[in-house]
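Visitor: From first to last, the protein sequence lines stand for chains A and B.
Using our numbering, you'd call the opening residue of the first sequence number -14 and step up by one each time.
Using our numbering, you'd call the opening residue of the second sequence number 9 and step up by one each time.
These aren't lab readings, by the way, just hints derived from the structure by calculation.
Warning: the hint list may mix true and false statements.
Here are some, though not all, of the chain A residues that point toward chain B, as calculated from beta-carbon distances under 10 Å [claimed, not checked]:
| id | residue |
| --- | --- |
| 1 | VAL79 |
| 2 | GLY82 |
| 3 | THR98 |
| 4 | SER216 |
| 5 | HIS369 |
| 6 | THR404 |
| 7 | PHE415 |
| 8 | VAL437 |
| 9 | ASN442 |
The beta-carbon is built from N, C-alpha and C at its ideal position, and this holds for glycine as well.
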Amino acid sequence: MSDLTRREFVKVTGSGLALASLAGTLPGLAGCAGGQQFQPGYFGRFGIDSETMRKILSEALVYGGDYADVFFQHSIRNSVRMEDRIVNSASTSVQLGVGIRVLKGDQTGYSFTEDLNLESMKAAARTAANIASGVKKAPPQEYQPMILPNYYPVEMSWQDVGIDKRVAIAKQIDDDVFNEDERIIKNYVGFHDIEKYILVANSEGLLSEDYQPMLRLIAYCTAEQDGQRESNYFDYSIRDDLGFLTPERLTRLPKEAVRRTINLFDAQSAPAGELPVVLTPGSSGILLHEAIGHGMEADFNRIGTSVYADKLNKPIAQDFINIVDSGLNKHVRGSINVDDECCHTKETFLVENGILRTYLHDRISARHYGVEPTGNGRRQSFKHNPMPRMRNTYMLNGPHTFEEIIGSVKYGILADQFTNGQVNIGPGDFTFYVKSGNLIEDGKITSPIKDVNIIGNGPDVLEKVTMAGNDMALTEGGWTCGKSGQSVPVSHGLPSLLVSSITVGGKG
Amino acid sequence: MNKLELAKWTQEYAKQQGANDTSVVISKRRSIDIEYRDGNIDKLAEATENSLSIELYAGGRYSSHRTNDLRKPAVEKFVQNALAMTKYLGEDPFQALPDPKLYKGRHTIDLELFDSGYHNVETKKRVDIATKINDRIQGQDDRIVSVTSYFSDSHYENVHLKSNGFEGEYESSTFGAGAEVSLDDGSGKKPQSWAYYSARHLNDLPDLNGIADEALKKTQDTVGAGKVESAALPMILQNNQVRGLLGRIWGALRGGSLQQKDSFLIDKLDTKIASDLLTVIDDPTIVRGMGSRYYDGDGIAAKVMPVIENGVLKNYYIDVYYGRKLEMAPTCGGSSNLTFKLGNRDGAAIEKDMDKAILVTGFLGGNANSTTGDYSLGVQGWLIENGVRTKPIAEMNISGNFTELLNQLVEVGNDPYQYSSWRTPTMVFDGVQFAGL
Chain A
-14 MSDLTRREFV
-4 KVTGSGLALA
6 SLAGTLPGLA
16 GCAGGQQFQP
26 GYFGRFGIDS
36 ETMRKILSEA
46 LVYGGDYADV
56 FFQHSIRNSV
66 RMEDRIVNSA
76 STSVQLGVGI
86 RVLKGDQTGY
96 SFTEDLNLES
106 MKAAARTAAN
116 IASGVKKAPP
126 QEYQPMILPN
136 YYPVEMSWQD
146 VGIDKRVAIA
156 KQIDDDVFNE
166 DERIIKNYVG
176 FHDIEKYILV
186 ANSEGLLSED
196 YQPMLRLIAY
206 CTAEQDGQRE
216 SNYFDYSIRD
226 DLGFLTPERL
236 TRLPKEAVRR
246 TINLFDAQSA
256 PAGELPVVLT
266 PGSSGILLHE
276 AIGHGMEADF
286 NRIGTSVYAD
296 KLNKPIAQDF
306 INIVDSGLNK
316 HVRGSINVDD
326 ECCHTKETFL
336 VENGILRTYL
346 HDRISARHYG
356 VEPTGNGRRQ
366 SFKHNPMPRM
376 RNTYMLNGPH
386 TFEEIIGSVK
396 YGILADQFTN
406 GQVNIGPGDF
416 TFYVKSGNLI
426 EDGKITSPIK
436 DVNIIGNGPD
446 VLEKVTMAGN
456 DMALTEGGWT
466 CGKSGQSVPV
476 SHGLPSLLVS
486 SITVGGKG
Chain B
9 MNKLELAKWT
19 QEYAKQQGAN
29 DTSVVISKRR
39 SIDIEYRDGN
49 IDKLAEATEN
59 SLSIELYAGG
69 RYSSHRTNDL
79 RKPAVEKFVQ
89 NALAMTKYLG
99 EDPFQALPDP
109 KLYKGRHTID
119 LELFDSGYHN
129 VETKKRVDIA
139 TKINDRIQGQ
149 DDRIVSVTSY
159 FSDSHYENVH
169 LKSNGFEGEY
179 ESSTFGAGAE
189 VSLDDGSGKK
199 PQSWAYYSAR
209 HLNDLPDLNG
219 IADEALKKTQ
229 DTVGAGKVES
239 AALPMILQNN
249 QVRGLLGRIW
259 GALRGGSLQQ
269 KDSFLIDKLD
279 TKIASDLLTV
289 IDDPTIVRGM
299 GSRYYDGDGI
309 AAKVMPVIEN
319 GVLKNYYIDV
329 YYGRKLEMAP
339 TCGGSSNLTF
349 KLGNRDGAAI
359 EKDMDKAILV
369 TGFLGGNANS
379 TTGDYSLGVQ
389 GWLIENGVRT
399 KPIAEMNISG
409 NFTELLNQLV
419 EVGNDPYQYS
429 SWRTPTMVFD
439 GVQFAGL
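The shape of chain B in the complex, shown without the other chains (with noise of 0.2 Å):
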């Protein structure tokens, strides 16, 4: 039985023993992970992985199951106990499938989320670009201590059927190729960096010699990296690094986090949030892009959707189940790609731009509290003096509440970031709060 007739034969099974409605989804993925170090495979690791998880509707309540054990007689004890247990919980009004509306209008651009290559790539072209990478970095720093390197690609397959007329199947593939470097700085410390990229298709990857330069080159940049005087400085956030703060605040923009009162923007729709400078689109169509899809997880059919224009909050993450509980029509239950209006130089220009401020480059650890929007997180980079890169910081903290920040922000790079689902361009915030001495 393939996928389709599995998850079809699920559906009636799961009606006949008393299930009002279903949502069935079959999945399998097909990964490789080639890990080289130092001159040897270090670990060649394959995987094959199936999972069936069905949604189901019974007498006004809800329940959510998954299991990998794909055999017809092992399903149906599945789903029978699934069914049993399901009726000792409450009736939850709000439970219920989508409406069919929502399903219609499903864009027909072809995404390219499959790289059609992807079944000739053999094993010894995997291990011969992990290796590339590690004989490039190998040789250049006689301060290294390890450099392993990355290659790694997975084949995934998706059915998607619900019991009111939604049908959906994708396949898409992902390769990813980094390296890792450790140096010995005399100091006693051991500086460690890295750089990694993923793509859906392999020929959209950078080229390797420069994966493996910028792994050794922002190792290299660590080295005797510290703290300075803490102060209220500009902050050039590097473009790869933007979505490890936006990407806090994002989650306040669900129904979930809005409903449950567990979020610092409730009630701000076409109000202004963030500076002018701020245009954010949802974009779910571009071709190859990694969040790229034809539909979400409630089957709604993927539309561009402008979040914020001009700091202006224009839509929510609107799932159909919290679109209910809220009264508020649903949009899309999370983020795909998200592309952003840009400016007219890149960070490098920026930089050259500061009298002082900090360069952040990377977080480390910290957390946000989605209900306030106060931030505290760990960061390092540089510190810039007149346009130069002075001193590599780290040990270092940013804090403050998002809803300053995002009023803070005073440029946007027109260099956006191409190997994630979010498109993030270098940003400026003034006046950010950074902790050192």
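The following block holds chain A by itself, in its conformation from the complex (with noise of 0.2 Å):
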């Protein structure tokens, strides 16, 4: 049900992640070079050539939809587990298949198949293209590979990764949680990875391929004082493969999820009404994602139901603001070097000094408004049509110091650890969960606090972002947003940041 309300959430992406061992290396991902004709890659395996693409496109352009185009997915999902100082259990999950949509205006019609006959794709293929009733189009004959750039270059597959080595850093995790504090008295750590291969061909008679890595590590621990119990975590997730774990970043997982848990035996509930609040830099991102990301989403500007649909090239913040959706980060969990549509991915500016600038477009919406897609057309698999979809969504630097905007605060909170966020698209309302903090009194950083919903309106608290920092960093951890039954990684980050005013949702 949730899937229809609109009320998109971003949430840490749950553990339930899963392992595999396919034989395989990286994949050739062939076709980079201009100019080229398209030479099977990595999905030549499962018999994918260009024959097999203009035969379905044939299917799906046979009533005459304006577009089409054929998404193929393989991907592995490796995850072990570990609980009560035990490896105490694994799992893999192998997706494969192929989702075929064809477009008549803004319609879609979308269908998939797990199968990769060419009967199976074939007649997918022909139920999508049902939501034309036209006459017949002809696909290309040829189809030109994109030149991509790689924001997530690695040096080895998961594949290649024995799981004794995954096992063997799940352990060390473990017992630096327990070697850390005394007052630990559980652990859980997950070890994911997931390796996405995607294809994906149109009936413009373009092509991408990439190769889309992504570990999470995490460690969830309970401590217990007094009688008093309190659990925390610390994550990474990354585009990336084993060489990001370190000794320093193996070293500091296990302190950060120590650090989180016992600092919550300190900590008071907030206070309730209307306060300034202080964001600190990284996940705090997760206000942007709610309060403005979303409502940029021009699928629903394109129907008018955003609470933004007319206020492009109007101001909405004060001029030092600049906010972005970027999917060219380097190694970032919403990276992307290609969208799922065959759009080249950008740097998009939502909000450039306080004027909002452009709508996130997928080609719908695009083509709705006659403008370029800005490469923000994602799908969560070959089971789902593209959306308009945030990659890295984040502020720019702005003129403050962080010592100013707590110096400038007379009483309010300091918000420090976010665990989701949730929006009301049409009127712009939005929350934010704030598991961990400190009071601001006269101008100093007080008391922890903890476990407080935050709860405003969008257009409403970006009029409020009064001082901006010059600390800008990216959230580390494992962020995914969901919207209308698809999940998609995402990663937001924002500097230092003071809200004058919105209603955080204390005790009293």
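Make the complex out of the two chains shown on their own, each in a separate frame, by following the hints.
Guide: As structure tokens, this is what we get:
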């Protein structure tokens, strides 16, 4: 039901992932040289070539759709989990399939099959074709491979990493958590990696291939002190290989998980009502994701249901505010070399010097508005149609320092760790949950607080951003954005920020 | 090879390759989703999904694997790789198949989980339903920006085998219909709301005009919504929203949460955790119930189980694995349908009797700390004054601790919501902290 509410949410990714070892090394991402014809790359092993794509697209256009594309995916997820001091489970999940989409105006026909034989794929294409009802069109004879940059170069495939390495890392983290503080009574370690290979070809003759790796490593611990218990976690999530897990990072993760947990023992509940809120850099970018990001996804604006639908090129924030959504950040969780419908990924300015600039487009909305796509057409898997989705959403540095910002607050709260957020697109009301923070009293950081939801209205809160720091950071954690039943990995970030007034949902 | 044969073959193959025991599930889901917007089909999507999942028990170790490639040679390779990996894991003495005695005594009630008319539903009928809902709303309010109506259905088939004698097979259907409405209230905001219903049988969905009218009315109700002064007030929780709150408590009743000390309800069995008014029964035997079943994921035969009786906690949700770790008898791994002991009037009658309260009709974001029971959640709804809805509420929050909240329950309605596995009536909680202005 939640996928119907248009109340888009973001949460820290669950730990229910997967373990596999399929033979194979890194795909030779064929066709990265311009002007060359497509040579079957990774998907060649499944018998997919230009001829296959031409036949599928021919079926897809049998009733004369305006546009069609075919999306192949092969993904392998591995998970190793540790609980009660032993590696007590591992899992693997393999997904293989192809989705076929046909557009007629703004209308979408979609079908998929998990069976990569030609007859099944043609049957799926014909199902999707039913959205149109005109005269057959011819598909392209040749497919032009897109020349793509690589924002997540890796030296090894996760498939080439033995499970013994994953197990050793999980054990090391678990040992470190328990050695860090004697109050720790339970710890969970999850080591999850995913490799996703995609191939997209469309009725315009474009073709793209990408290899999208992802790592997520998490420690979730529980501590006990004087009969009171608290739990908290720390995680990394990144598009990278095993090389990311340097000794420094492996040392830091358990220390942070323990520190965040132990800190909660001293924390009190937050006050209730409208207060100034200062956000620390990093996962605080959830504020942007909810307050403006979703509202700028062009599908909501195309049908006029977003609170931002009539505000393009108007001032919506102070002139030192610049907000971007980018797919270009090296190894960051929401980065993509190409979107899921053969559009180049970009750095897109949502807000430039306080002025609302550009919606986030997929092909449908770009065509609707007569603009270039922004490379935001993303989908969860071959089972889903693309939609405008965020990548890495963050605010560029502002003119203030963290100390100036804290110093300016008479009584308010400092929000430090965040776990989830949600937005109601139409009215623009949004929330984000603060796991831990502090009170600010007379310009100084004082008592710790915990577990409080903050709720505001997007355009209203952006107007109330009165100071922005020079210390922007992107979150390191594993954030997943949910919209209309589809989940995609994203990231976000902020510099230190002051919202002069917003409702803090404390106990009073 | 049909699903049962493939499951049996997979089980045998895994044993040949060195597994001591296995649990194999093969499933297939076919679904159709239609979105109809402002006079046109916006999206028509058809899907058929297959899945084979296998849990392996080998040499005291455990792993689980899932693939959608059900071709026999692919499954062979998949099982080989899965077993090869399992030997690197730690030995876990608690990981083993359930005691086969738990499989016995499966009830024989015909749950009617599958609508035998499912295959007769044609695409035209699906489009007609979505169109009818949309047409009903269009033109009723000049402020309408957009109306999207939905119809979806799915057919799910599942075969489950465990190598120590468990065998289960069932099929189910689900139908859903609803609408989402967006208005322009002239202030720059675009109030938006929706109504959506699901049922196992097509004929059990509510009247389509009723769904349409509700979606529009709910949206109209949110025009002009805003916050009021922060205060501790009685909270009337609309029947279909109770799960949004109690659902967060139910996670703390699970064996995994208890054993991992990630629950505020540890060691509470047979103690009072809630107001006398709260009685909750887990009932997997309701005919056509959205949560009805014959057995759970461990293969434990499904039984009616009291969870809370007059405020006293009677049962946790203990699965086989955590039951062994906790040295507790397994009950079942998770909730099926929940039914509640009812009061004697409905939500509307309760509202009329309130001097000042907030009626909560929806949640927005927020979270709860399952270890401590603290919660903080965004809410929307109505301010009730002297029995009348005086102001729509948005951008407000409730906060507190579940241990206290459960005891603040002062009334339960007689109006259980029928379209969910949680058949929740309206509930009233006293002295809830609302944050706003």
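Visitor: Quick check: which numbered hints come out false for this structure?
Guide: none
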